[in-house]
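Since the structure of chain A is provided, determine the placement of chains B and C on it from the hints.
Chains as they are written, first to last, in my numbering: chain A, -13 to 301; chain B, 118 to 476; chain C, 8 to 566.
Check the hints yourself; a few may be wrong.
30 angstroms max Cα-Cα, derived DSS-like pairs, lysine-lysine [to be verified]:
id	chain 1	residue 1	chain 2	residue 2
1	C	Lys510	C	Lys53
2	B	Lys277	C	Lys195
3	A	Lys59	C	Lys195
4	B	Lys202	C	Lys137
None of these hints come from the bench; they were simulated from the model.
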Amino acid sequence: MTQATQSVTVLDPEGISLKSVSLWNITLRRLRRRKSAIIGLTILSILTFIALTAQWLAPYDPYTPLIGIEEVKAREAPCIHLLGCPETKPQHILGIDGNVRDQFSRLLYGARLSLMIGFSTVTFAIVIGTVLGALGGYLGGWVDNVIMRFMDVLLAFPSLLLAIAIVTVLGPGLINALLAIGIVSIPAYARVVRASVLSVREMDYVSASRALGGSMTQILFRRILPNALTPLIVQGTLGIATAILDAAALSFLGLGAQPPTPEWGSMLGAERNQVFTAPHLVFFPGIAIALTVLAFNLLGDGLRDALDPRLAHVS
Amino acid sequence: MTTYILRRLLSSIPVLLGILFVTFALGRWIPGDPCRAILGEKATDAVCNDFIHRHGLDRPIPVQFGYYIREVAQGDFGRSFRFSKSVNELLVERLPITIELSFAALFVSIIVGIPLGVISAVRHNSWVDVLTMLWANIGVSMPVFWLGLMLAYIFALALKDTPFQLPPSGRLSPGVLTVPFYEVWNLPLQPGSFLYGVLDFIARMNILNSLLSLNFEVLRDAVRHLILPALALGTIPMALIARMARSSMLEVLGQDYIRTARAKGLRQRVVIMKHAFRNALLPLVTVIGLSLGGLLGGAVLTETVFNLSGVGRILYDAITARDYGIVQAFTVVIAIFFVILNLLVDISYAYLDPRIRLD
Amino acid sequence: MKRNLFAILSVMVLASLMLAACGGGGAQPAAITIEGLEEKDFAPVKYEAPNCEYGGEFKSMEAVDENTVRFTLCVPDPAFPSKIAFSAFAVQPKEYLEFTGATGSILEKPIGTGPYYVAQWERGNQLVFKRFDAYWGEKAKTETLVFRWGSESAQRLLELQSGTVDGIDNPAPDDFAVIEADPNLQLKPRPALNIFYIGMNNTYPPFDDERVRQAIAMGIDRQRIVDNFYPAGSEVATHFTPCAIPNGCVGDPWYEFNPEAARALLAEAGFPDGFKTKLYYRDVVRGYLPQVSNVAQDIQAQLKANLNIDAEIEVQESGTFLDNADSGKLDGLHLLGWGADYPDQTNFLDYHFGAGASKQFGNKFPDITENLAKAAQLASDAEREPYYVAANNAIRQHVPMIPVAHGGSATAFKASVEGAHSSPLGNENFAVMSIAGQDTFVWMQNAEPISLYCADETDGESLRACEQVTQSLLGYQIAGTAVEPVLAESYEANEDLTVWTFKLRPNIKFHNGFTLDAADVVESLVLQWDAAHPLHKGNTGAFSYWSGLFGTFLNAPAE
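Next up, chain A with everything else stripped away, as it sits in the complex (with noise of 0.2 angstroms):
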């Protein structure tokens, strides 16, 4: 018995990462092939660089107020010396916020957060998502019953109704917005492992395992997550997306973000009822915000199908 153990044990890594490896490859030369995905991982490396290098990519400070250092009004428009802005003005590409900030910069350092919003809420989703559904589908009976009737519940609702509903309990700020995305996204990913969970659970690999006396996390994990990976890398790529909108409709409702923090959906809400005098304040972060989320947008459908073994043939 621990013989047996012990041959599983050493052949297992082996087994696993050679398969990941040539699904990697696999996956990595037919996305090359799809032009959508090639447009959305560039947007994403130029965002990625930008967020990482916004401290000195940014022309100033943005969160100091530009009164009595520059002779700038609130809400001024774009000045570009490049077309045919003054020279003795003081360049500011996206002009003046409503607090004498530049807007460029605040935009740049937004680009940080959105990011980071959309990874963590997914990351936090997927990992409670995951446990959930793998319980469910793995255990089955009352425990599968209870966790998919409370998943049903959450769904029930339209997600940004009860991310509201859940900000307004945990007070406004970008943490419990956080918190509220992530768990109104939490079904989702719970649905696809416990579809997953399910379709494999009484294959002869995962029996053989069971048989060979595999612990339930060592069977789960080892045997059975690993199916569950490229419908979860898919559904969370386009997740990314769905969480950066919420979390911008939530600051510009002005329960996500909280002043003086550049965040597009909160600058947005904060000069939208400038839209006809300052229309700039209200165009480039809404442009920042589609930007990005159309990236993760044509990243995931282009994981999607190079993902999907039945397209295969088709790329």
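Then chains B and C, alone, in the frame of chain A:
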């Protein structure tokens, strides 16, 4: 089929109970004092204590939940503190606005989305296809509130004094009065009766009401006001529908029987409309059904941007004002609506696709 | 199948669009008649509190004869005319109050004596008034008045610019210049009868140290806040109360901005490197704070730059915030303000710093409370002045809060509007406004009224709508604060200002044709005063303005 529907209905019951519990709990967990939220900064402690006692907010929580379940079971959602009205009345008042908006948005998304998807599938890889898919991808990526603001900016300000100018807010122009169609028809109705409630509900959808009462001035005005919010709200479902229509059309067009039909010498139009489109419709039902649910979430933002006092807006206001009655009732109604919608989608799916086995 | 549906739908839409050019108008509602409501004859009536121990201001109210009303007060009240003129104390027919139970339909359809009556309230969309042709005074200039609302100032301005509305409330500060530059529009600045302040609670360290409070008072550049975030017509506050209010700005003016002195003082108090605290506010736009979030962020930046104080912003829901402020739970700085209900010092200073004030600023200062108590008992402004000088100087010394600005706001109208104005108390009078050749006037404000029974409403959006319809014994001058006779043609008080007698104008008609008499006045007021009155119902039953202005209700339920 009947057993299938019954089983689906039964399995919804725990979900409905869960919804009731969650809405009740949310209402009570929301921090803050409903008294001051409603009566404002000038309310004194004595006034507030009296208010809380009068609304039974000092009873133990389980007792409050018991009362709540009983009332909901009787179809009574209680009263709104803020409007001092029964929530049922408010539902009749506000729900039509959101329903009208949602259906207008869905209408826009279907009549634009499906043809776009079908055309890009038929002309696979043509410039139409590329543009459509580009648009579809951008469409799902835009924040609804931003799109709304931009549309308002373009159509209300940039296109001012052109024939394309559209109003940026409200449902009707000031001074335009609506007369409920049942009054135009001179129906003898008892205010407060159930029938009256139903007809009143319908009459509050301006477009439907003006059609029924043949008042085309109001109709034109109502349509003009609805275009921008419907466009803003409909863009995401439009993109989703176009994508789904395209991919399912592509799949169907690749099937053997289509090749057979073509080989038989049938005209392209006939093949596409008669054979392919019908079969591609199936997955669309799901997407359309589910979009209708998603529209309700987007309605909060659209209604905020376009100043429409529908369900989404009132719910958001109610949450910030701690108006428990409204928060509970409206979330329950929305959630139940959602559950029923999912049920209908499942059933219609089963009905449309004989391959799906009902057990 | 689907295709047919589309075909039908598109035919319907097309047909309707084509036919939309022609078409008929709506029906015109008739003047107000309430079925089953009959006018009763006048009978003298008197209500009296058993004693003055219950805590309110009123001792009795009496309809002496058809046109005479007499109030007896427990304490002298020089501000009584200012208070009784407030629109919460408007008169409606006693028969109608009894008929409706002072709740229910009266919330949507009040019957008043004003120049307009309520024709239709289409909830969520618009409120339509019609001219009352039997009005006792000068009739309304425009036949139809429409109220609309939109919470976003951008939206309101756009509606005004595109011509769909004739006047709007509260354009954004940035838009003032746009409106003034537009030859088709006119801006009517609203005098600043309010105060925006930074509050501190002196029971929480480090704000328990007077030097810390003084340091912050000196370390904030208030001029910069007003210059950058307030519209024209706003001013830096020299005192808590605006100067337009009698004795408002007597005593020494506020500290000059002096960051060096402020830092020195802070160091002396033991915080040479500043400290960490919180900055609380609610995201609600008011005349005193037109750009909430921007001002908060600038104060935050100033605290950091001038005093090295790290103030973390915490936005709270409006109700929660007010509750926390009142009960003294805010342990940092908080941003709040106050707008005048009636133009008197007591409405500003006593409410915030008097002996009966809330715990908002922590422990009270005897040299403030005592002076305020003395001033409130005196009749003339000249007699009260020395006490207000002392009180204002004590406030400057103790810094329970930092007065920042008296915020100007405005209304904007089409240039063609005659009689356009804005009122410091927010009660614009539309009966005097008109556009030549136009029989409908459309006004767009911030929000929909909550109800039209304003005895039990507090927000300005409801009050403004009520003020077109119902009237009180006295009223405020159009676009001003001076008290004028309205339903009462004259009034007089006894020597010690405790007995007030009002003579009604004879033959004033209500919108339903009934005649105003003294019993209507008494009934409209006693149901607010007496918590045990069967008609003490209203919308929420709070009657906040009554308790706010006249103290405890008679027969208030025991706690």
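Hints, verified against the model:
1. C:Lys510 / C:Lys53: 16 angstroms, holds
2. B:Lys277 / C:Lys195: 25 angstroms, holds
3. A:Lys59 / C:Lys195: Since the Cα atoms of A:Lys59 and C:Lys195 sit roughly 24 angstroms apart, the hinted pair holds (cutoff 30 angstroms).
4. B:Lys202 / C:Lys137: 26 angstroms, holds
Consistency with the previously given hints is maintained throughout, with no hint failing.
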